[in-house]
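Visitor: Chains as they are written, first to last, in the working numbering: chain A, 91 to 363; chain B, 5 to 388.
Please note that a few of the clues may not be correct.
[Claimed, not checked] Okay, derived cross-link-like pairs now, PhoX-like style, lysine-lysine, Cα gap no bigger than 25 Å in a straight line:
hint: 1; chain 1: A; residue 1: K320; chain 2: A; residue 2: K336
hint: 2; chain 1: A; residue 1: K101; chain 2: B; residue 2: K233
hint: 3; chain 1: A; residue 1: K138; chain 2: B; residue 2: K219
hint: 4; chain 1: B; residue 1: K255; chain 2: A; residue 2: K107
Just so you know, these hints were derived from the structure itself, not from any lab. For clarity, every value in this text was computed on a predicted model and none was experimentally measured.
The chain contents come next:
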Amino acid sequence: MVQLKTNPLRKYIRNEKLPHFFCPGCGCGQILNYFLKAVDDLKLDIEKIVTIGGVGCTARIPVYLNTDSLHGVHGRTLAWATGIKTYQPDLKVVIFAGDGDLLSIGGNHFLHAARRNLDVTVILVNNFNFAMTGGQVAPTTLLDSVTMTTPFGSVEKPFDACELATCAGATYVARWNTAKPVQTVKSIKKALQHKGFSLVEILSQCPTNFGRYALKTGNPQKVLEWIEEKSITKIKAEKLSENELKNKFILGEFKDKKQPIFQGTSLFKEEDR
Amino acid sequence: MDKNLKHKGNRVNSGVHFMLGNYAVVEGALAAGCDYFAGYPITPANEISELMSKRLPEVGGVFVQGEDELFSIYSVVSASLAGAKAMTATASAGFNYMQEGIGYASAVEAPCVIVNVQRCRGENFATQSDVMQMRWGASGDYESIVLAPSTAQELFEYTALAFNLAEEFRNPVIVMSETTLALMRERVEIPEKEQIKNHRRAYTSLSPEKYLPFKAKDNRPPDFAPIGKGYHTLYTLNYHNEDGSIDWNDKGYKKLYQRITGKISENRDKICKAETYFMEDADSVIITYGSEVRPALDAIEMARNDGKKIGLLKLITVWPIHETLIKEIAKNVSRVFVVEMNIGKYVNEIERICLPFCPVTSITKNMGIIHTKDEIYSAIKEIL
Numbered sequence: 091m092v093q094l095k096t097n098p099l100r101k102y103i104r105n106e107k108l109p110h111f112f113c114p115g116c117g118c119g120q121i122l123n124y125f126l127k128a129v130d131d132l133k134l135d136i137e138k139i140v141t142i143g144g145v146g147c148t149a150r151i152p153v154y155l156n157t158d159s160l161h162g163v164h165g166r167t168l169a170w171a172t173g174i175k176t177y178q179p180d181l182k183v184v185i186f187a188g189d190g191d192l193l194s195i196g197g198n199h200f201l202h203a204a205r206r207n208l209d210v211t212v213i214l215v216n217n218f219n220f221a222m223t224g225g226q227v228a229p230t231t232l233l234d235s236v237t238m239t240t241p242f243g244s245v246e247k248p249f250d251a252c253e254l255a256t257c258a259g260a261t262y263v264a265r266w267n268t269a270k271p272v273q274t275v276k277s278i279k280k281a282l283q284h285k286g287f288s289l290v291e292i293l294s295q296c297p298t299n300f301g302r303y304a305l306k307t308g309n310p311q312k313v314l315e316w317i318e319e320k321s322i323t324k325i326k327a328e329k330l331s332e333n334e335l336k337n338k339f340i341l342g343e344f345k346d347k348k349q350p351i352f353q354g355t356s357l358f359k360e361e362d363r
Numbered sequence: 005m006d007k008n009l010k011h012k013g014n015r016v017n018s019g020v021h022f023m024l025g026n027y028a029v030v031e032g033a034l035a036a037g038c039d040y041f042a043g044y045p046i047t048p049a050n051e052i053s054e055l056m057s058k059r060l061p062e063v064g065g066v067f068v069q070g071e072d073e074l075f076s077i078y079s080v081v082s083a084s085l086a087g088a089k090a091m092t093a094t095a096s097a098g099f100n101y102m103q104e105g106i107g108y109a110s111a112v113e114a115p116c117v118i119v120n121v122q123r124c125r126g127e128n129f130a131t132q133s134d135v136m137q138m139r140w141g142a143s144g145d146y147e148s149i150v151l152a153p154s155t156a157q158e159l160f161e162y163t164a165l166a167f168n169l170a171e172e173f174r175n176p177v178i179v180m181s182e183t184t185l186a187l188m189r190e191r192v193e194i195p196e197k198e199q200i201k202n203h204r205r206a207y208t209s210l211s212p213e214k215y216l217p218f219k220a221k222d223n224r225p226p227d228f229a230p231i232g233k234g235y236h237t238l239y240t241l242n243y244h245n246e247d248g249s250i251d252w253n254d255k256g257y258k259k260l261y262q263r264i265t266g267k268i269s270e271n272r273d274k275i276c277k278a279e280t281y282f283m284e285d286a287d288s289v290i291i292t293y294g295s296e297v298r299p300a301l302d303a304i305e306m307a308r309n310d311g312k313k314i315g316l317l318k319l320i321t322v323w324p325i326h327e328t329l330i331k332e333i334a335k336n337v338s339r340v341f342v343v344e345m346n347i348g349k350y351v352n353e354i355e356r357i358c359l360p361f362c363p364v365t366s367i368t369k370n371m372g373i374i375h376t377k378d379e380i381y382s383a384i385k386e387i388l
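This is chain A alone, in the form it adopts within the complex (with noise of 0.2 Å):
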């Protein structure tokens, strides 16, 4: 008789909210445990994390983890974010984004949050698509790529997350796939553990959605190759020149930096007195 065991990271889970609603061969779950192990091996305490999610796929993650969370609003994470941690700074706050609702709705508060190098980690899941509206075209989504809403071929170039955030000020940026398990929980752990802004970014597959129209299959397995033949790490991009980086998602560490973090816009200091 074999002896089934738990997987240890189901203490932080509401498993009575289980089966999840992510479609099968979706990256959430994937993710969902990269950030539970790394949760797991830094022994955060749970009680004092915030799990916050806007609205899509990405955002669901929050739903199943048994942390204190908010939910269900499109593109204001950083917004609640800002307000948690600013009032309480002893609390670690994390945010599960879509690329649609960090890029897209919310790329103002991104931008700013980032400026301010406010001190929370953000986990980007980068599907290339609106998933959960059923797969309109986003600001990350590669051109000519088809999609719901643009049938012709999408036109408009793409975002690059990380780079926005270096640009706007972020201290810790890194990208990777969720076909890099190792890279991206240590990715993830150095967020954690970073003072400032943190943006771990994971391009993830949606065989539902991104796959089906924009690469004409719905097997997971075929659109997680199509990001990894397209991804390169950011050693071997050094060496490649411009026009043979395009259409690559580089991966890697971008920035790791200490800067004064965000406490408020007016602070009151002793020698004010």
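Got chain A; can you put chain B on it based on the hints?
Guide: Relative to chain A, chain B alone:
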């Protein structure tokens, strides 16, 4: 918020002041325990943010100037869920953006205060044109509590009252200010600290294992457990069960929103405040709110000098509407006048309540400037 810093500021600036309306709002908020403020520049509400940026850090609170009004309202709501007494202030155009967050605050029952200094579209002239938007501007089912000051003194008092009502009912409360009041200087008397009510929401006495974040008695808000204390609460806009979890349930949805709206509408008589003037012998009455109370009272004085028996009902609580009192008055007078500074909006609600009993006349002025007493009195004279 650095709780270890020693702070020099006074929360309550007791004494008599000659004070700007917008500053009176700040003093009222601080006196009632406000310790988080977020705002975005907009005229004519700027002085609220400006004074807050100085006063709040001095008393150990957090001040943030955000990137837009959406930031303001959402950070206020989340700070409230972390235990803060939180407020934001804006003017009409900014109030539009905040509707979204007001909807979320009412769904997760986060107490917070929003000051809306009403202005004309794109211009800083006087108006009361947001009176309906303050009731149901956001999507979804909820009930608003809206207070309408008419003096700088009342800006102080009703802002403090707004915090206490927000905490008691775990609901957003809106202070309906106006250009007219916000930018006017007047005498403001701030009482001693001990005389000012500083109410805080009921905290749960249950352990995290037994606590259900949205379990409450009928028409009451649930007991509160702040973020970060091991209660692991999910605050979602979506329909949520008593344990906070997302799980569509048609009967549960109906019950949740019956309670969220019922805690305001069923407690209407407890929440609603009003003042009456010259009502003892009145055979007709002016019903009005906000700055329009001032010329209306002067107009009544003119009418009384001419022997016309007119009284005044000043609505402190604009929403929920003081249905019981208005109905009672309508039964005892021959005519109701509604004075307001817009195209005539609130009058529709007054008509709904009064028309079975007496006729209603709308006296409006929508020109970016408050009524004069002569304008109100001449409108009355046309009828009486």
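Visitor: Does each hint fit the structure? Answer for all of them.
Guide: To see whether the hints hold, each was checked on the structure:
Restraint check: the Cα-Cα separation between K320 (chain A) and K336 (chain A) comes to about 9 Å, which is no more than 25 Å; the hinted pair holds. Of the pairs offered as hints, the one joining K101 (chain A) and K233 (chain B) holds, with about 18 Å between alpha carbons and a cut-off of 25 Å not exceeded. A C-alpha spacing of about 24 Å is found between K138 (chain A) and K219 (chain B), which places the hinted pair at or below 25 Å, so the restraint holds. Between K255 (chain B) and K107 (chain A) the alpha-carbon distance is near 19 Å, which keeps this suggested pair within the 25 Å criterion.
Going through the hint list in order, the structure satisfies each hint without exception.
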